[in-house]
Every structure is written in C-alpha cells, then in structure tokens.
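Colleague: Just so you know, the protein sequences line up as chains V and Y, in that order. No gaps in the numbering here: position 32 of the first sequence is 205 in my numbering, and each next residue is one more. No gaps in the numbering here: position 140 of the second sequence is 179 in my numbering, and each next residue is one more.
In short, the hints are calculated from the structure, not lab data. Glycine included, each C-beta is placed from N, C-alpha and C at the ideal position. Mixed in with the good hints, there may be bad ones.
Said to hold, decoys possible - Reference listing, derived: stretches of chain Y covered by chain V, where coverage requires no fewer than 3 residues with Cβ under 8 Å from a Cβ of chain V:
(1) 66–73
(2) 123–129
(3) 132–144
(4) 221–234
(5) 293–300
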Amino acid sequence: MKKLFILFFLSIGLITNAQVKKAHLRASGLTCAMCSKAVFKSLSDVPFVEKIQVDIQQSTYEVFFKEGSSISFDALSKAVIDAGFSVDQLKVTSNFNGLKVQKGSTITVGNQALQFINANDQTLSGEKTFTLIDKNFVSSQEFKKYKLTAGKAYEKGFAEGKRVYHAIL
Amino acid sequence: MKINFLVIALLATLYVSGQELYVFSEPASNMPAKSISVKQTAKWLRNPTFSRTESRHTSELMFGVNRNLMIHAAGTFSNMYSQSQRFESVRTYAKYRFLTVDGMYSHFRMAAFAEVSHSRNISGYDELSLEGDQSGIQAGIIATQLLHKLAISTTLSLTESLQKGRSLPGPKAVPYQAFNYSLSAGYLVLPKKYTSYDQTNLNLYVELLGQRTYDKKRYFVDLAPAAQLIFNSQAKLNLGYRFQLGGNMNRMADKSWMLSFEWLFLNALK
C-alpha cells in the first residue's frame with residue numbers, strides 16, 4: 174500500500190512537473206558595476222532566489238532557486254526592470270523525466286505553464302536547458318521576430334486568462 | 040606624431056566602458072526602484088567683488104519611487120549672500136523616464152523633469168540657478184545614449200525665476216527667463232576589467248553647460264571636467280571644476296570647485 178502511494182505521487186511528479194534548477198539571465202542596457210549591483214541586489218531580494226553568481230563583465234547572472242519553492246519567471250524579469258534595465262536572455266535549466274513535448278502543447282515547469290514553439294514530438298529526459306522568448310525576456314527586436322511565428326497567445330503571454338510562457342529548446 | 044597620439048587617445052576613449060553617472064547633470068536613466076540615495080555637496084568659488092572664498096553646502100535625498108519615477112529633495116546653506124553660513128533654500132525635483140531602448144551594453148533613454156525651488160536670497164546676478172540662488176521653476180528633457188563604450192547625454196530646459204521684482208513695471212535689472220542646455224560625456228578609466236563589486240572605479244567626465252537668458256539677453260557657456268571614484272559599487276566621490284568658456288553675464292564667479300559624496304542604499308524602500 175505504502176509503495177503504491179509512493180509510486181502514485183512519483184508518477185504525478187513525472188507527468189505534471191519538471192523541476193527548475195537554475196536560470197541563466199543576461200541583462201541589457203548597462204555597463205557599469207554600480208548598475209550591475211543594482212540588478213544583483215534586486216534579483217537577490219526575489220523570495221525564491223537562493224543565490225546568484227554574477228559575471229559583471231558579461232552582464233550575466235546565474236540564478237539558483239530555493240528547493241521546493243514556487244518560482245515565477247515574471248518576478249525575475251520585474252526585478253531587472255525595477256533596477257532600471259532589461260532582460261536580454263533567460264535560459265532555464267530543468268530536470269525532465271521522460272516528458273513528451275510537441276509544438277504548441279502546454280506543459281508545466283516549476284508550476285508554470287509553458288509552450289515550446291520548436292518542439293518536434295520529442296521526449297525530454299534529464300537536465301535540459303530552454304530559452305524563454307516572451308516579452309520582457311528578449312530584446313524588442315527579437316520579440317517582433319517571434320511575434321510572426323510563435324502563435325496567438327504569444328503577444329499577450331496569456332491563454333484563457335492564464336499566464337503561458339513560450340520557449341525554444 | 041601629435042595627431043597620431045590624439046587619434047589613439049580618441050580611439051582609447053571609445054573602447055572603455057561608458058559612464059553616465061554625471062557630476063554636473065542628470066542622465067535620462069533613473070536610480071533603481073525602491074532605492075534611497077543621500078548626497079552631500081560642497082561648492083566653492085572666489086567672489087571677486089568681495090575678494091573672498093564663498094561656499095554652498097547642499098544636503099540631498101533621492102528616492103527611486105518606481106522604475107520610471109525618481110524624486111529629489113534638497114536643502115542648502117551658504118555664505119554667498121550673507122556674512123556667514125546660513126540656511127538659504129529648499130528645492131524638489133522629479134524625473135520621469137518615458138523612453139527606454141535597451142541593447143547589450145547600450146541604451147537610449149529619454150526623460151522629462153521638473154524642479155521647484157524656494158530661496159531666501161535676492162540675487163543681483165544675471166545667472167539663473169535653482170541650486171540656491173533664486174526661487175524658481177524649471178522643466179526640461181534629457182536624452183542619454185550609451186553606445187557600447189561611451190555615454191553621451193544632453194539636457195534642454197527652461198528656467199523661470201520667481202524672485203521678487205518679476206512683476207514690477209519697467210526694464211528689469213536681472214533676467215527672469217532662461218534656456219539651459221548641457222552636453223555631457225563620461226568614461227571608465229579603472230578598473231580595466233570588472234571582476235567584483237568591491238573594485239574601486241575611476242570615471243572621468245567632461246560636460247558643457249550653457250545658459251541663455253531671453254528677457255534680458257545674456258549668455259554663458261561653461262566647461263566642467265570632473266573625476267569620480269566609486270567604492271563598493273555603492274558610494275560615489277565626485278570632484279569637479281567648472282570654468283567659463285565664453286559669456287557676457289554678470290555672474291557671482293566664472294569658475295568654481297565642487298566636491299560631493301553620495302551613498303546609495305539599494306532596495307531600501309520595501
């Protein structure tokens with residue numbers, strides 16, 4: 174009975190949720206260390222962020238999340254924008270356990286709904302990295318580019334009133 | 040040979056990081072949301088009329104209200120219009136960033152600002168300034184371009200002096216309306232490569248600051264070189280010298296020194 178329960182909960186984990194490990198964020202609009210520190214401090218104060226490794230020169234932030242906490246990609250973007258700058262790239266690294274994905278289908282990653290716009294009936298296993306392409310996660314030029322092909326929920330980032338992120342593998 | 044050196048020096052400035060934490064003017068960018076900054080400024084000048092060195096001391100608080108709006112409030116003491124140091128003026132300033140185009144290591148930003156000051160001084164000089172000399176209002180726009188390694192900023196503004204006498208009939212002894220402009224450039228000298236937030240940064244700036252009064256037609260154009268040290272990516276120490284390139288205004292002085300220290304508290308307002 175106990176084993177059955179464990180199996181049951183494990184399988185729920187397999188189907189519905191991929192665990193997010195970390196995110197690699199590149200901020201744009203800045204060069205100076207004082208500006209970079211503002212971004213660093215703003216990201217550090219996001220509740221689900223555990224620690225950050227920064228490369229000031231490259232303007233990149235390796236963001237690690239607290240285990241088991243519910244995360245929000247939008248909160249990361251907001252932190253950077255509130256510091257006065259923009260997100261140029263957000264690469265998310267997650268653990269997948271044989272999750273089948275296809276183009277346009279919605280999956281759940283770290284409690285967040287996500288669509289891969291370039292998935293091709295593939296199965297995701299182990300540690301995989303994908304790049305968010307929604308507004309406020311890419312440059313305005315890239316956003317315009319993806320708007321042409323990424324589907325109707327892309328521009329607003331909402332489908333039936335729910336936040337849906339878009340990503341490429 | 041000399042030209043070669045100049046070209047190399049110019050290219051060198053293009054390949055170091057641009058800085059826009061200007062000493063004499065404000066960039067279009069704002070301080071981070073929910074941050075507080077505290078700034079203490081001293082200005083010294085030699086007043087030729089009284090053959091003495093006079094100074095002004097300004098205490099300023101700055102708030103990042105949200106990502107686009109910041110507010111300053113300041114009070115000043117000086118002996119520029121009195122025998123000894125006395126409380127002189129208060130002012131408040133608000134800046135709203137309305138355009139942001141960010142790229143990797145670059146941005147173009149625009150902001151609008153407005154300022155109000157109340158001063159107890161009665162100035163007999165042509166120069167209009169809300170930094171303590173006159174009561175008045177000012178509004179303008181700022182555009183700042185960070186171009187990979189070079190930051191250039193320009194400000195255009197109008198000043199209206201509210202000093203007593205503006206509504207009196209007859210010819211005015213001093214001007215009450217001015218157009219102001221500035222062109223600023225800055226670059227990072229040290230460190231050569233960023234490795235940590237603890238590194239002390241050295242930035243150099245040069246700013247062109249001009250004013251043209253248009254009720255009584257007078258003008259000045261100043262050049263203001265400045266050096267800035269940044270400690271722990273948190274505290275700024277600025278030293279600047281400002282001198283007149285040309286002009287026909289009756290000014291208190293046509294050169295001055297400025298020293299200021301500013302401490303930034305990130306995410307202090309929650």
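Colleague: Hints first: check each against the structure and report whether it holds.
Modeller: Against the structure, the hints:
For a cut-off of 8 Å, the count of residues in the region 66–73 of chain Y with a CB near a CB of chain V stands at 6, and the three-residue condition holds. Counting residues of the region 123–129 of chain Y whose CB lies closer than 8 Å to any CB of chain V gives 0, which falls below the minimum of 3, so the coverage claim is violated. A count of 6 residues in the region 132–144 of chain Y with a Cβ less than 8 Å from any Cβ of chain V is obtained; the coverage claim is therefore met, three being the minimum. Only when three residues or more bring their CB closer than 8 Å to a CB of chain V does the claim for the region 221–234 of chain Y stand; here the count is 4, and the claim holds.
Coverage of the region 293–300 of chain Y by chain V is violated [criterion: at least 3 residues with CB-CB distance below 8 Å; count 0].
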